[in-house]
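Just need the whole structure built from these sequences, with the hints factored in.
These are the residues of each chain, in order.
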Amino acid sequence: DAKTTQPTSMDCAEGRAANLPCNHSTISGNEYVYWYRQIHSQGPQYIIHGLKNNETNEMASLIITEDRKSSTLILPHATLRDTAVYYCIVRVGDTDKLIFGTGTRLQVFP
Amino acid sequence: KAGVTQTPRYLIKTRGQQVTLSCSPISGHRSVSWYQQTPGQGLQFLFEYFSETQRNKGNFPGRFSGRQFSNSRSEMNVSTLELGDSALYLCASSGGQGAFDEQYFGPGTRLTVT
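These protein sequence lines map, in sequence, to chains A and B.
Count the first sequence with our numbering and you get residues 22 to 131, in order.
Count the second sequence with our numbering and you get residues 1190 to 1303, in order.
Any given hint could turn out to be false.
Straight line, CA to CA, 30 Å or less: simulated DSS-like cross-link-like pairs of lysine-lysine [what the hints assert, rightly or not]:
#1 A/K73 x A/K90
#2 A/K90 x A/K24
#3 B/K1246 x A/K24
#4 A/K90 x B/K1246
#5 A/K24 x A/K73
#6 B/K1202 x B/K1246
#7 A/K73 x B/K1246
It should be emphasised that the hints constitute simulated quantities derived from the structure, not laboratory data.
Note that the structure is predicted; figures quoted are calculated from it, not measured.
Right, here's the structure in full:
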């Protein structure tokens, strides 16, 4: 599975867009990019995933570069409840094994 | 639709004892995975069960074992507990389609070993 690199921490003002980057330069053609977040001491929460195309759902948007070596998770209007650790994960194959890195700790401030 | 449930939510055990944790997946999900989360090692994959068979396994000692029942409910067991086994144990369920399928996590069981 490809390795991902994320900034350790980021800040965002409430109401502004939060843009969380992820590098996955060794990603293979059949590997998906997944994003999860974990609010303190709770189970990780699925946010969004994509293969090649940009994706959007009610929570966030996922922008994947054309060469697929990096991606950005966008929370369009961050709220205080979006304060969490965000994990970018690359997945492949027919198993559910997720390899979590250290993630990005997003702090949303008033 | 009910989410993933884990029991018990909190547990205190003594070193040397064994413990069994339970996970009930979302209805219709056939895959259950288990993870251990500690401050030092982060979230680490333990094993995955699909249709009662272990499909993948992480790098944990044999003291950690699991099983899955015909109704997809899963249990994990840790024998001869060590202080380092204190952690948040999380399970996740999915339809079992691998990378095509998102996983949903339960709230976790917090195990403290004294």
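Verify the proposed pairing of B/K1246 with A/K24, using a straight-line Cα cut of 30 Å.
-> Holds, at about 19 Å.
Is A/K24 close enough to A/K73, meaning Cα to Cα at most 30 Å?
-> Holds, at roughly 17 Å.
Within 30 Å, alpha carbon to alpha carbon, are A/K90 and A/K24?
-> Roughly 11 Å between the alpha carbons, so the hint for A/K90 and A/K24 holds.
Regarding the pair A/K73 and A/K90, is the alpha-carbon distance no greater than 30 Å?
-> holds (10 Å)
Do the alpha carbons of B/K1202 and B/K1246 lie within 30 Å of each other, as the hint requires?
-> It holds: about 25 Å lies between the C-alpha atoms, which stays within 30 Å.
Given the hint that A/K90 pairs with B/K1246, test it: the Cα-Cα distance must not exceed 30 Å.
-> holds (28 Å)
Would the pair A/K73 and B/K1246 pass a check requiring their Cα atoms to be no farther apart than 30 Å?
-> holds (29 Å)
When each numbered hint is compared with the structure, no violation occurs for any of them.
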